[in-house]
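J.: Sequence:
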Amino acid sequence: MAKADTKTDKTETKAETKTGVVRDKNLELALQAISKQYGDGSIVRLGDENAKLSIDVIPTGSIVIDHALGAGGFPRGRIIEVYGPESSGKTTLALTVIAQAQKLGGNAAFIDVEHALDPQYSRKLGVNMDELLVSQPDSGEEALNIVETLLKSNALDVIVVDSVAALITKAEIEGQIGDSTVGAQARLMSSALRKLTSIISKAKTVVIFTNQLREKIGVMFGNPETTPGGKALKFYASVRIDIRRIAALKHADGTVYGNRTRVKVVKNKVAPPFTECEFDILYNEGISGFGSLLDLAIEQNVVEKKGAWLYYEGAQIAQGRDAALNELKGNPELFAKIEAATKEKIGVKVHVTKGSKAAAEAKAAE
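Per my numbering, residue -1 is the first one in the sequence shown, and the count goes up by one each step.
Simulated from the structure, these hints should not be mistaken for laboratory data. You can take every hint at face value.
Taking lysine-lysine and the DSBU-like style, the derived pairs with C-alpha atoms no more than 35 Å apart in a straight line are:
| id | residue 1 | residue 2 |
| --- | --- | --- |
| 1 | 101 | 232 |
| 2 | 327 | 122 |
| 3 | 341 | 304 |
| 4 | 304 | 343 |
| 5 | 122 | 101 |
| 6 | 200 | 265 |
| 7 | 265 | 335 |
| 8 | 193 | 267 |
| 9 | 200 | 229 |
| 10 | 200 | 150 |
| 11 | 150 | 202 |
| 12 | 202 | 265 |
| 13 | 229 | 265 |
| 14 | 150 | 101 |
| 15 | 229 | 267 |
| 16 | 193 | 229 |
| 17 | 150 | 229 |
| 18 | 122 | 267 |
| 19 | 262 | 303 |
All chains should be modelled from the sequences, with the hints used to inform the complete structure.
T.: Below is the structure:
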């Protein structure tokens, strides 16, 4: 009886092995057919050498925001939504990302739906306005069609649409002021994002949508705030950032010279969400890189704080935050040391690739 059971087990094992071989063969045939029809790389195993597991990013220009994002910046090939109240720093953050992309040798476009781009302020943020592509479309359809055409060129690293709230449909333009066009903007965004998502992924472009805040009517409990443009952007965005001004920065004489700003990552598909950070936005300067680094260095104990005095590796830097910032501005070597030590401490592995322009030039040189 035992011999019969053993024989049965061996037969079943052989049958299972044969079935497994047939399944593997069928799978390989299916993969070959997909690759032949849709091109190499249309389907891959994540364990293959050709499969790219790392997430390429473009730095935001603020080390504290990069740390809060987890990946070290905005991920390429993804949709980003930056929303908040008026004058909270949405456009400033978007323009700073453009400046960072250009420093890496990349190309960028700014779709100025609000028709409010300030070239002088953009230059102060580090944006190369001579190279920046700017469009001021007349309708939402025109704006999103321009975005699609730019994406299909595979030549852009960052595209900013400022803002979703200002996207107006042709139906609304052709109608009278006050006419009801319920859901038109939401339908426009839903249709566009369905089409753009795969193109954005293949183009490896960071597409940033800025958005405003609105309030729901009749909400008694919970947060009444919402963003215009329907729910599609909330779903398609890989990262959603809530940016708000929390305090005014003042000199001793009471003159306001900037804002203390808080960023909350409310959605993140590439790292843990719900992280927060604070930084300074200075008038006529933008995001303070020195302030961002000093705050994070203190938080990570790279810079030690004893009372009002700040120390690095046992040596005094200065007394007070403002004095320490002035010391960092005047001492590039010290700034570089603290920056390197802080980046090592937070341990974020950042995969920053060259911009499309720099990559093309390097390829041509070869």
